[in-house]
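S.K.: Chains A and B, in that order, are what the protein sequence lines are.
Residue numbers for the first sequence follow our numbering, beginning at 1 and rising by one.
Residue numbers for the second sequence follow our numbering, beginning at 236 and rising by one.
Treat the hints loosely; a few may be bogus.
Computed beta-carbon distance windows for the label pairs [claimed, not checked]:
#: 1; chain 1: A; residue 1: 19; chain 2: B; residue 2: 587; range: 49 to 59 Å
#: 2; chain 1: A; residue 1: 31; chain 2: B; residue 2: 593; range: 50 to 60 Å
#: 3; chain 1: A; residue 1: 143; chain 2: B; residue 2: 532; range: 19 to 29 Å
#: 4; chain 1: B; residue 1: 265; chain 2: A; residue 2: 128; range: 33 to 43 Å
#: 5; chain 1: A; residue 1: 73; chain 2: B; residue 2: 261; range: 42 to 52 Å
#: 6; chain 1: B; residue 1: 256; chain 2: A; residue 2: 148; range: 20 to 30 Å
#: 7; chain 1: B; residue 1: 524; chain 2: A; residue 2: 128; range: 24 to 34 Å
#: 8; chain 1: A; residue 1: 11; chain 2: B; residue 2: 540; range: 58 to 68 Å
Residues from chain B that face chain A, not an exhaustive set, calculated with beta carbons under 10 Å [as the list claims (entries may be wrong)]:
#: 9; residue: 245
#: 10; residue: 253
#: 11; residue: 255
#: 12; residue: 322
#: 13; residue: 323
#: 14; residue: 508
#: 15; residue: 509
#: 16; residue: 512
#: 17; residue: 515
#: 18; residue: 516
#: 19; residue: 517
#: 20; residue: 519
#: 21; residue: 610
#: 22; residue: 617
Far from chain A by the CB rule (all over 12 Å, computed), these chain B residues [as the list claims (entries may be wrong)]:
#: 23; residue: 490
#: 24; residue: 493
#: 25; residue: 532
Hints listed in this document are in silico derivations from the structure and should not be mistaken for laboratory results.
Predicted, not measured: the structure shown is a model, and the values here were computed from it.
Positions of the beta carbon are idealized from the N, C-alpha and C atoms, including for glycine.
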Amino acid sequence: MELNAGLVCRGLNFRWPGKNADEPPVLEAVEAVFAQGTVSLVTGNTGSGKSTLMHLLAGLLHPTAGEVWADGQPVSRWPSRHRDPWRRQVGIVFQHLALIPDLTVGENLLLPMIPRPITWSRMQEEIRRQLEDAGLSALADAPTNTLSGGQRQRLAIARALVARPRFVLADEPTAFQDDHHAARICAQLCDIAREGAVVVIGSHDPRLRSFDGIDRRFHLASATLTGAAVNQGAP
Amino acid sequence: MMPGTRYPPMVIWAARDIQRHCGRSMLLFACLASLVFLTAMALLFSQALDATWERLMDQAPDLVVRRIDGGGWAPLPVDVAMACAKKIPGVIDPTPRLWGVVPGPEGPVTVVASIAVVPESMLKGIPPPSAGQAVVGQGVARALSGGRLSLGSNHSVTVSVIHTFPADTGLATHDLVWMTPDDARPLLGLVPGQASDLAVHLFRREEERAIQADLAAAFPWPVRITDRSTSALNHHTRAVRSGGIAVVAGIPALLALLLIITGTVVDNTARQAYWGLLKSMGWTTADMVRLQVSRAMIVGIPAVVLGLASAYAAVFYPPAAGITAFWVTGGQHLPALTLVSSGAAMVMIEIAAMVGLPFLAAVFLTTLRAADGSPWTLLQADPWN
Numbered sequence: 001m002e003l004n005a006g007l008v009c010r011g012l013n014f015r016w017p018g019k020n021a022d023e024p025p026v027l028e029a030v031e032a033v034f035a036q037g038t039v040s041l042v043t044g045n046t047g048s049g050k051s052t053l054m055h056l057l058a059g060l061l062h063p064t065a066g067e068v069w070a071d072g073q074p075v076s077r078w079p080s081r082h083r084d085p086w087r088r089q090v091g092i093v094f095q096h097l098a099l100i101p102d103l104t105v106g107e108n109l110l111l112p113m114i115p116r117p118i119t120w121s122r123m124q125e126e127i128r129r130q131l132e133d134a135g136l137s138a139l140a141d142a143p144t145n146t147l148s149g150g151q152r153q154r155l156a157i158a159r160a161l162v163a164r165p166r167f168v169l170a171d172e173p174t175a176f177q178d179d180h181h182a183a184r185i186c187a188q189l190c191d192i193a194r195e196g197a198v199v200v201i202g203s204h205d206p207r208l209r210s211f212d213g214i215d216r217r218f219h220l221a222s223a224t225l226t227g228a229a230v231n232q233g234a235p
Numbered sequence: 236m237m238p239g240t241r242y243p244p245m246v247i248w249a250a251r252d253i254q255r256h257c258g259r260s261m262l263l264f265a266c267l268a269s270l271v272f273l274t275a276m277a278l279l280f281s282q283a284l285d286a287t288w289e290r291l292m293d294q295a296p297d298l299v300v301r302r303i304d305g306g307g308w309a310p311l312p313v314d315v316a317m318a319c320a321k322k323i324p325g326v327i328d329p330t331p332r333l334w335g336v337v338p339g340p341e342g343p344v345t346v347v348a349s350i351a352v353v354p355e356s357m358l359k360g361i362p363p364p365s366a367g368q369a370v371v372g373q374g375v376a377r378a379l380s381g382g383r384l385s386l387g388s389n390h391s392v393t394v395s396v397i398h399t400f401p402a403d404t405g406l407a408t409h410d411l412v413w414m415t416p417d418d419a420r421p422l423l424g425l426v427p428g429q430a431s432d433l434a435v436h437l438f439r440r441e442e443e444r445a446i447q448a449d450l451a452a453a454f455p456w457p458v459r460i461t462d463r464s465t466s467a468l469n470h471h472t473r474a475v476r477s478g479g480i481a482v483v484a485g486i487p488a489l490l491a492l493l494l495i496i497t498g499t500v501v502d503n504t505a506r507q508a509y510w511g512l513l514k515s516m517g518w519t520t521a522d523m524v525r526l527q528v529s530r531a532m533i534v535g536i537p538a539v540v541l542g543l544a545s546a547y548a549a550v551f552y553p554p555a556a557g558i559t560a561f562w563v564t565g566g567q568h569l570p571a572l573t574l575v576s577s578g579a580a581m582v583m584i585e586i587a588a589m590v591g592l593p594f595l596a597a598v599f600l601t602t603l604r605a606a607d608g609s610p611w612t613l614l615q616a617d618p619w620n
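Isolated chain B, as found in the complex (with noise of 0.2 Å):
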């Protein structure tokens, strides 16, 4: 036999297969990239947002201080919290920090005063604004108008919009408003010498939970202690529990793949006569099994690439990756989501094992169980006779 002269025809006449059956093909192109979307969406947003996490927690400082009182939240003097965290040993660099959630134009929007609150690979080289000036995301700068912005109800402060943030921090800096802490204070209801909260960055890392203990004590008033390890978790399990929603996805995943396995085994099953007339020409099992492949891996590839391409789109492309986070999430407001190669790797994984393998394994033993009957038999199922 001539190395590869058995397949080209093969493969050509699959295709025409799949050009009679149009209709079917398409509803099978469908379904298998919609399931690929979906589960690759679930798959790559989890794997990213896992990476994220481990990608802020290193750019986070290692504690962040905050005051509460009966009412909750409150203002932390800076002089004493300084004064304070710097007695305790391995405490090194802390920070107060000004922000806060205040009443924007269209909805409530986040104002920070100090940078130590913005990672520092978000703000891309945008020079910091000056005293009647903010850098806003891009949903804040969607509401604005005349390039001026006004926050606040009791105390309502007017600034010109200098900059935007790019749109691919949109995750992160969606409803930021960054501007001088003078600005700010009235807005967030601090007076000077006060901050919302203080970050403290350790000498060891390891021991950020031994420390909490000895920082708690070291302030004159009660305190909350978040370290790195229960911010990361809380933002995941709140984003995880808040994704139920993407739970639900997986219902019409479900429906699809049993849809596409229905229709390969109803198809076969229909196509009886047709495996009995080439089996009486010659067509062997095996044959008729490398047809089948063919038609699945021409259908099966190109939407298994569409699924994974709308997928990455959904999760990484910042528009789109918006309404995903807001889908799974809830709501939240993530940072730029970032993939690793790891991660990308077990995804395309998790789909074979999930989509690829239930898809072939229809495919392939539907037409092996098929295509095994006398041929005398199969072709008695078609109107010819």
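Bound conformation, chain A alone (with noise of 0.2 Å):
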């Protein structure tokens, strides 16, 4: 029984169905524990698996070996059925960030809040408050489809945040923004993870390296994931 608070990948394998076996794996014998209150930043080329590694995390997809763990429940081996509730502890920003184009920015951030069992006024106080973080108040009713891509990506963020998800997880959140809103998501980022979440990043983004409230670093190349803590202050 794996009881570390977190998430954790043991022996973690990926495959594509279908892809030859003597192809090389996406993933291959991966160990990683993100910790509770931290912000751990995976890193790697383009292609690397960078993106799988945030979909077996977040339990969109299934590892052909191997576990993920979260807060000591093995979730990957979890049917559909308890996976499926489960997942509205996770936040995800999707590196395509798979926004509803014709829906206000507004109603983009009531999705993930609409099968919870909280009020309809408190769902309008939260869309507010992360509408606020993001600097996009203005914009609530604005349709998606006329922000520019970095205010897209800020409601992807603002998205996966709204909820106050136990895991975050961002793929490439700082892809399309510039110096000042690339720091400013950071500094979200980090403020989630110091009230108890689970912050992983994926990102090739040579701005995150240095950004100084990331916890661990992991780097993926050639299907494996090598990484170690950098703050002091880390569990």
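Take the two lone chains and join them into the complex the hints point to.
M.R.: Have a look at this one:
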């Protein structure tokens, strides 16, 4: 039984279905602990498997072998009827953002909140708070397809955070941002982690490598994840 | 979980989802409403027809005796006919009736001179006409010029119209002209002492078949006797037979149902990436089914209500009911139709089984199937990938 709080990968393997067995896997024997209250950065070249790792951690993909544990629970083994509701604890920022273009900014933020047992007024309050944090308050009623790339990305981050998830998985969250907004996003993710969330960022953005708020850095290359703690205060 | 906190946001989102796909939702609404209208109209009409036959059979005479000869129908000598009928045990209250079809200004009209032909419930307190006067149906009233009506071809009679039958009796009185026997006889080709037929009531209704033979043998000329059951059955059979067009209405209804189910299946399949996104944000299959069922209810319930209301109006609201009766029965004028509560309940159950269940099953099963996939696979269906 895995007792660690946070996300843990144990012997995680992943190979796309239908690929030849002699082709290299996307991930092989990945061992990692993404601890509660920390921000972890996973770097790697394009195509190295960062997004796949994020999707495995979010329970969107099944590992070929190995397991993903969340707060001591083997979530990758769970059937979908248990894993689907568990994903309410996950806020994921997709690399391709996956926003619904004909909905307004506010409505995109509403999507993860609807099935949760909270009141309509509380939902509105959370949305207002996230819009302020993302600097999008003035655009609450604007259709998403009228936003710039950077604004859309901040909206995707806000959507991942609006329901105060326990696990935040951000795939290239600063790709379309200027330095100011990139720093702001990093600070926002650090704040979430300090409140007790597990934050994992997958990125090859060089600006993030030098960001002070990162607690652990991992590097993904040749299907293998290597990494170390960089902040003393990290558990 | 706080009770009642989960459904309002889901219903609000379902309404917003409908608004997002406004054209498709309108098409679904129109198809459902049309489907319910067509099926409910046929069912309501059939139910109402049955209820009305029963009501009419209560008011109608037990037996109607008509004299026939080689040329078909022949006038009935009243005194002889009354004497013959009264000799049969069990026969009570034989009543000669004067009625027939004669040419009117805009086509044939039904002239009645003895009120026994028209059920009392349709007269609604209208005073009987005097000599030279008539009470006419709505269809005849429209053809009037200066309140006077000319009928007949060889023996023309002109009367002044003093009343019109109420609109809600239009199905039975549309082409009716009620006048005095003296005015009617020349039109019907009857001399005083002759009648069109003889209405007979029986002491025991269940003896109607047994008495028919005695009655036929009692008259000195050939007669045709129609009992209430046969009369109602003939009327009903004729209505149903000529209502072949109602069956034709079933074809668009089936096509509409097919379109609704196909649209529901295609809609859910086309939204795979949407389902994948929702699943990635913690929506469960049950949440998605709840959303889709809410959507279906928001569109479906008003559509069903509109379809039922339209069908009700088409069968029971007089102006529309006349058109429906013409369409379904091929032109018969029917008495005002009535619906009994058990009949209405049966129609509701039939509509639920014929329209509601297939629609909800299509929504439920296709959502279940679409949402059951892996969220990652579902997400790949969208252009953002």
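S.K.: Does each hint fit the structure? Answer for all of them.
M.R.: These are the hints, each one checked on the structure:
For the hinted restraint 49 to 59 Å between residue 19 of chain A and residue 587 of chain B, the CB-CB distance of approximately 51 Å keeps it satisfied. A beta carbon spacing of about 53 Å between residue 31 of chain A and residue 593 of chain B agrees with the range 50 to 60 Å that was offered as a hint. Range check, residue 143 of chain A to residue 532 of chain B: Cβ separation about 27 Å, and the 19 to 29 Å hint holds. The hint said 33 to 43 Å for the Cβ distance between residue 265 of chain B and residue 128 of chain A, and at roughly 39 Å that hint holds.
In this structure, residue 73 of chain A and residue 261 of chain B meet the distance hint of 42 to 52 Å, their C-beta atoms being roughly 46 Å apart. The supplied range of 20 to 30 Å is met by residue 256 of chain B and residue 148 of chain A, whose beta-carbon atoms lie about 27 Å from each other. Checked against the hint of 24 to 34 Å, the C-beta distance between residue 524 of chain B and residue 128 of chain A comes to roughly 30 Å, which is consistent with it. At about 59 Å, the beta-carbon gap between residue 11 of chain A and residue 540 of chain B stays in the expected band of 58 to 68 Å.
Satisfaction of the interface hint for residue 245 of chain B is found here, the shortest Cβ-Cβ separation to chain A being roughly 6 Å, below the 10 Å cut-off. The beta carbon of residue 253 of chain B comes no nearer than 13 Å to any beta carbon in chain A, farther than 10 Å, and the hint placing it at the interface is violated. Evaluation of the residue 255 of chain B hint against chain A yields a held restraint, the C-beta minimum of about 6 Å falling below 10 Å. Hint status for residue 322 of chain B relative to chain A: violated, with the closest Cβ pair at about 85 Å, above 10 Å.
Hint status for residue 323 of chain B: violated, given a least beta-carbon distance of 80 Å to chain A, over 10 Å. Satisfaction of the interface hint for residue 508 of chain B is found here, the shortest Cβ-Cβ separation to chain A being roughly 8 Å, below the 10 Å cut-off. Interface restraint check for residue 509 of chain B: the shortest CB-CB distance to chain A comes to about 7 Å, inside 10 Å, so the restraint holds. Evaluation of the residue 512 of chain B hint against chain A yields a held restraint, the C-beta minimum of about 5 Å falling below 10 Å.
The closest approach between the C-beta of residue 515 of chain B and any C-beta of chain A is roughly 6 Å, which is under the 10 Å cut-off, so the hint is satisfied. For residue 516 of chain B, the shortest C-beta to C-beta distance to chain A is roughly 4 Å, which falls under 10 Å, so the interface hint holds. The interface hint given for residue 517 of chain B holds, since its Cβ lies 3 Å from the closest Cβ of chain A, which is under the 10 Å cut-off. Against a cut-off of 10 Å between C-beta atoms, the interface hint on residue 519 of chain B holds, since the closest Cβ of chain A lies about 4 Å away.
Proximity of residue 610 of chain B to chain A holds as hinted, the smallest CB-CB distance being about 5 Å (cut-off 10 Å). Taking 10 Å as the C-beta cut-off, the interface hint given for residue 617 of chain B holds, the closest approach to chain A being about 7 Å. Residue placement check: residue 490 of chain B keeps its beta carbon more than 12 Å from all beta carbons of chain A (closest about 31 Å). Every C-beta of chain A lies more than 12 Å from that of residue 493 of chain B, the closest at about 29 Å, which supports listing it as non-interface.
The Cβ of residue 532 of chain B lies farther than 12 Å from every Cβ of chain A, with a closest approach of about 17 Å, so its non-interface assignment holds.
Hints 10, 12, 13, counting from the list given before, are not met by this structure.
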